[in-house]
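**Q** Going by UniProt numbering, the sequence shown opens with residue 1, and the numbers climb by one from there.
Keep in mind that the hints were calculated from the coordinates and are not lab data.
The structure displayed is predicted, hence computed values, not measured ones.
Be a bit skeptical, because a hint or two may be false.
As the list claims (entries may be wrong) - Keeping only pairs whose Cα atoms sit at most 30 Å apart, straight-line, the calculated DSSO-like set for lysine-lysine is: (1) Lys164 - Lys189; (2) Lys40 - Lys57; (3) Lys127 - Lys168; (4) Lys127 - Lys90.
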Amino acid sequence: MPPKKPGGKRGKTPPQPVPDLEWEDIPYICPSYNQLFNQKIRIRIRSLFAILDTDKKKKLDNDRAAIMVRATGLFPPDLEMDEWFKVIGKKGDDDLLYMERNALCDGIYEILREGRWRPPTPKQAVKAWRRLDMQQRGTLDAENLNDIFAQEEKENGMTPTELKKLIKFTAEMPGGVFDYVSYVDGWYKTWLANRIPRPRDRIPRRQFDDTI
């Protein structure tokens, strides 16, 4: 009687050991969802730059760059934004500060990713408006704002130019009354609808799931 082959039954091939593949040995074929999501964010940022770059010079001056930063949904303090522009910007022949496309777009992307310069919450915004509302009525009229403008020694957080614009805006409202609670609510909903979302951190994905 012939001897049995290894593996149990006659003629059956013994099981082969499965190689223990490391993470790096598994080929990465398809881009992850997060990569595609982040790529769309980069495209939106560059599309916004193209809209503001009317001269097609691939750079924006200080004022237009500030408009772009806020249009992406960021809410930076003016001083911090100016300091950031000094870091990434370059002076032109007219001694104005210009931000080149790559530096500005990539910088905005990183700020979004880090979660910096977020806007105040509706509760924080209404609280700031209530500082101007001495009678706590939830509304302001042009007379209230004129009184505030006259009392410059009070720290209201607004420049004279901003107050003038607000007085003009209030005077044009129906009844000359500015409902700042409704204004904050509408503004925040608009911001949520139009903001550019934060990029998602890329999480590597295996081609095969070995947890099953």
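**Q** Taking the hints in turn, state whether each one holds.
**A** Hint-by-hint comparison with the structure:
{"no.": "1", "hint": "Lys164 - Lys189", "in the structure": "26 Å, holds"}
{"no.": "2", "hint": "Lys40 - Lys57", "in the structure": "23 Å, holds"}
{"no.": "3", "hint": "Lys127 - Lys168", "in the structure": "22 Å, holds"}
{"no.": "4", "hint": "Lys127 - Lys90", "in the structure": "39 Å, violated"}
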